[in-house]
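A.B. asks: Here is what each chain is made of, one letter per residue.
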Amino acid sequence: MSALLEVRNLTKRFSSGGGLFRKARSMHAVNNVSFDLPKGRIIGVVGESGCGKSTLARLILRLIEPSGGEVRFSGEDLLAKRPAEMRCLRARMQMVFQDPYSAIDPRYTIARAVSEPFTVQGIKPDGIMSNTVAQLLEMVGLNPGLSTSYPHQLSGGQKQRVGIARALALRPTLLVLDEPTASLDVSVQAQIITLLEELRGEFGLTYLFISHDLGLVKYFCDEILVMYLGRIVEFLPATGAAARHPYTQTLMDSTFEPDPKRRRTIEPLLGEVPSPFDLPPGCAFAERCPHATSICRVEMPILLADGEHRTACHNPI
Amino acid sequence: MNVFTIRDRWMNALARSSIRRAFSSGIGMVSGGFLIILVLTAIFAPWITPFDYAAQNLANSNAPPGWPHLLGTDEFGRDVLSRVIYGARTSLSVSATAIAISVSVGMTLGAAAGYFGGAFERMVMTVVDLTWSFPDILIALIFVAILGPGLTSTTFAIAIAYLAQFTRLTRAQIVRLKQETFIEATINLGARPAHILLRHLLPNAVAPVIVAGMLAIGDGIILEATLGFFGLGAQPPTPSWGAMMSSGSAQLFLSPWILIFPGVAVAVTVIAINLFGDELIRALDIRDRMREA
Amino acid sequence: MSILEVRDLGVAFGPIHPLSGVNFSIKKGETLGIVGESGSGKSLTAMSIMGLLPLFGGRITSGSINFDGQDLTKLTDRAWRKLRGGRIGLITQNPMTSLNPLQKIGPQVDEVAILHLGMSRAQARTRTVEILGTLRIPEPEATCNRYPHQMSGGMKQRIVIAMALAAKPDALIADEPTTALDVTVQAQIIRLLDDLVKKRDLALVLITHDMSVIAQTCDKVVVMYAGRAIEQGPVATIFESPHHPYTQALIGCIPHGLAENERLNRIKGTVPTVMNYPKGCPFHPRCPRAATICSTTQPQFASVGESSAACHFVIGDAS
Chain A
1 MSALLEVRNL TKRFSSGGGL FRKARSMHAV NNVSFDLPKG RIIGVVGESG
51 CGKSTLARLI LRLIEPSGGE VRFSGEDLLA KRPAEMRCLR ARMQMVFQDP
101 YSAIDPRYTI ARAVSEPFTV QGIKPDGIMS NTVAQLLEMV GLNPGLSTSY
151 PHQLSGGQKQ RVGIARALAL RPTLLVLDEP TASLDVSVQA QIITLLEELR
201 GEFGLTYLFI SHDLGLVKYF CDEILVMYLG RIVEFLPATG AAARHPYTQT
251 LMDSTFEPDP KRRRTIEPLL GEVPSPFDLP PGCAFAERCP HATSICRVEM
301 PILLADGEHR TACHNPI
Chain B
1 MNVFTIRDRW MNALARSSIR RAFSSGIGMV SGGFLIILVL TAIFAPWITP
51 FDYAAQNLAN SNAPPGWPHL LGTDEFGRDV LSRVIYGART SLSVSATAIA
101 ISVSVGMTLG AAAGYFGGAF ERMVMTVVDL TWSFPDILIA LIFVAILGPG
151 LTSTTFAIAI AYLAQFTRLT RAQIVRLKQE TFIEATINLG ARPAHILLRH
201 LLPNAVAPVI VAGMLAIGDG IILEATLGFF GLGAQPPTPS WGAMMSSGSA
251 QLFLSPWILI FPGVAVAVTV IAINLFGDEL IRALDIRDRM REA
Chain C
1 MSILEVRDLG VAFGPIHPLS GVNFSIKKGE TLGIVGESGS GKSLTAMSIM
51 GLLPLFGGRI TSGSINFDGQ DLTKLTDRAW RKLRGGRIGL ITQNPMTSLN
101 PLQKIGPQVD EVAILHLGMS RAQARTRTVE ILGTLRIPEP EATCNRYPHQ
151 MSGGMKQRIV IAMALAAKPD ALIADEPTTA LDVTVQAQII RLLDDLVKKR
201 DLALVLITHD MSVIAQTCDK VVVMYAGRAI EQGPVATIFE SPHHPYTQAL
251 IGCIPHGLAE NERLNRIKGT VPTVMNYPKG CPFHPRCPRA ATICSTTQPQ
301 FASVGESSAA CHFVIGDAS
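Protein chains in written order, with the working numbering: chain A, 1 to 317; chain B, 1 to 293; chain C, 1 to 319.
Worth flagging that the hints you see were computed from the coordinates, not collected in a lab. Be aware that a few hints might be false.
[Unchecked claim] Under the rule of at most 25 Å between Cα atoms (straight-line distance), these lysine-lysine pairs were calculated in the DSS-like manner:
#1 104/C / 27/C
#2 261/A / 199/C
#3 81/A / 178/B
#4 279/C / 261/A
#5 74/C / 27/C
#6 279/C / 268/C
#7 168/C / 199/C
#8 27/C / 261/A
#9 104/C / 199/C
#10 104/C / 74/C
#11 74/C / 28/C
#12 74/C / 168/C
#13 198/C / 261/A
#14 27/C / 279/C
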């Protein structure tokens with residue numbers, strides 16, 4: 001049985017500049033990414049700014065056109081779909097966005113925003129629309145009375161719940177979540193994460209969870225992809241797995257715990273993240289890596305599997 | 001179109017309260033009030049004017065302001081007040097019609113250019129910028145040369161002269177809005193471009209364009225008056241503030257009121273439009289969006 | 001001997017009182033964490049200590065801020081300017097707005113030493129290069145000739161810290177210094193601040209919403225909610241045996257370091273806005289232990305063991 005989502009060698013190249021006297025520079029926001037997302041599982045994609053995780057989310061949903069590679073959703077090749085087919089398919093794969101403040105049209109009432117999926121897809125709900133809207137709002141823990149309010153009257157957490165309600169209106173199978181709690185207080189984050197857990201159980205959803213917070217990803221997800229400068233550097237098959245890639249180890253060391261007895265020793269990290277336009281040959285992490293050897297600066301490590309665990313490193317821990 | 005869209009349009013609290021806010025300041029009240037009175041006067045002109053604007057009475061020509069001619073008479077004995085009121089009708093209707101055409105065409109072009117981008121955008125903007133590079137009067141003269149003097153030429157001239165402004169403004173709004181997350185979210189729902197343009201992009205882009213249109217009506221009035229001054233606008237006997245000022249300038253030392261009152265009318269109208277437009281910008285909080293491109 | 005002591009601080013903006021009843025003290029060589037979610041008043045506390053409230057239309061209505069014997073609430077503008085950036089340094093959240101984008105980095109840091117220490121341009125430059133080196137900014141001399149936009153976020157924040165250090169401060173106020181930074185960069189900055197506190201015997205007031213950062217780096221903690229301090233004490237006590245229901249609930253909301261089958265805690269309801277702080281205890285509408293008295297009477301701070309909490313039904317209260 002194939003996975004719900006199969007990504008193979010997905011790549012996105014951006015070029016910038018380039019004029020009469022200057023050659024255009026190009027960079028790979030996402031470089032040769034491959035993974036499978038089985039139905040009903042939650043995979044977390046973790047990395048820092050510039051690692052390409054947000055671009056990856058958009059490539060998978062084909063909100064941005066890839067430069068290369070393949071995305072198969074439920075066995076269907078997404079990149080071969082024509083625009084009209086793609087629009088139809090979108091009902092089954094939805095996204096929850098990072099910024100709840102701009103994810104809803106400020107001129108739409110909540111009711112209109114939550115019912116828009118039906119309007120757009122030309123699907124009639126079972127029963128009257130207002131009942132369906134009320135049900136959706138209750139499903140995400142909101143008072144149905146909010147349906148006549150405008151987004152600016154709601155708090156960040158409430159807006160994000162509306163975003164989730166809208167995403168789930170047409171009962172998709174895949175939900176891509178792009179840092180859905182990054183701009184929320186920690187207590188609100190807890191509410192949203194718990195809601196997502198409940199909804200997953202209730203509707204058998206599959207999640208692709210993008211975040212910069214490794215601790216949150218370890219809590220919420222089943223498997224973890226670690227990205228650095230557009231590439232996957234490690235795939236952890238279980239959240240308790242130990243890090244093998246030095247970058248993953250650095251991330252773990254930098255993720256503090258709310259326990260003063262378990263303070264981390266922070267090793268100084270040398271150097272800066274290289275510019276994606278100007279990548280050195282070999283491993284992109286080599287100049288900052290405490291374990292780097294001469295081969296690291298010359299040859300790009302490939303993602304090698306050791307059982308389920310995959311690492312792209314010449315000197316794994 | 002579902003139940004919620006109808007309800008929302010009816011209850012668009014955001015827009016209604018902004019207009020209320022614009023009227024709430026002192027300047028807003030006075031300028032807005034003046035404009036409302038002006039428009040009503042222009043609409044009900046036939047019932048308000050004390051005299052027929054074309055009725056000549058050579059026996060009473062160049063009469064100073066007094067009774068019964070509150071603003072005096074011109075060189076043909078026609079009542080200046082009635083002519084000024086009918087002049088308002090001419091100016092407002094020509095300018096408003098022209099700007100309405102200009103805004104419609106400009107918004108369509110600008111929205112298409114902004115949404116589709118690429119070579120299409122470049123082509124549209126180049127053509128539109130060409131119109132911008134011509135001085136208004138020159139455009140007007142070209143139309144007069146082709147269509148002859150009169151209100152039709154004036155209307156087209158005003159429409160073309162301001163087309164670039166609305167196209168650029170709309171395109172800038174569309175380009176800005178395309179980056180918003182909710183547009184990405186709507187695409188993600190599987191929306192067609194028409195849905196995105198008509199239901200999300202245009203409604204959010206409209207506010208600065210409408211206000212710019214309002215302000216442009218003021219400019220249009222000035223352009224109409226300018227053309228009228230040279231006899232190229234409204235043709236006699238249709239009263240035009242510009243034409244009145246033109247003939248009035250010949251009588252400046254004998255009967256200054258023939259020049260002054262239409263001149264004051266133009267000035268006060270345009271000032272009121274600009275002041276109220278400013279208040280509207282402040283109330284809608286779109287000062288930053290009023291900048292083109 | 002505390003270098004900074006805040007007693008019963010109250011702040012108002014017009015008719016609104018977003019902050020009241022804040023008490024804490026800090027010694028040199030100590031790190032005090034002020035933690036709270038949005039709207040808790042923690043940034044306002046920082047602004048008050050730095051005398052920046054009038055800039056935003058606020059004023060101190062009650063209490064005192066005692067810095068090395070001086071009551072800061074009674075300072076004149078002139079005295080404030082001498083103190084601010086001098087003996088008390090401020091590090092803000094967004095290094096992009098703290099640095100002048102049109103001016104090179106060197107002169108911006110030099111200015112601090114020139115203004116506060118009366119150094120000459122040359123002397124100040126030597127000092128700048130020295131500080132940038134201590135903060136592990138590569139090629140300090142070359143950096144002085146660069147513009148802020150040429151530096152990364154983490155580097156910019158180090159430069160802001162350099163500016164705060166240039167005038168040999170006794171205390172540093174860091175208002176969410178790492179919130180806008182990547183996680184690995186944050187760790188580096190936190191380590192840097194730790195080193196500075198120890199090596200230079202500074203008093204560091206660290207304001208953040210992140211309890212994990214507090215656990216990693218602070219000695220004492222003040223927990224704030226809806227404009228009031230509701231619990232404070234040594235960091236070990238706060239985390240091991242929190243006495244206020246909010247503190248306990250908040251720690252339970254954090255997804256880090258949970259065991260395999262532990263679930264996240266949830267606090268029902270939302271944080272109140274400044275416009276509608278509840279009467280009595282600000283947390284009572286969301287508190288699982290609330291009773292009638294909580295909605296009518298403000299709880300006073302009372303010591304419980306090594307920490308103190310403002311709650312009518314403190315957790316772990318033997319009496």
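A.B. asks: Which numbered conditions among the earlier hints are violated in the structure presented, ordered from lowest to highest?
C.D. replies: 1, 4, 9, 10, 14
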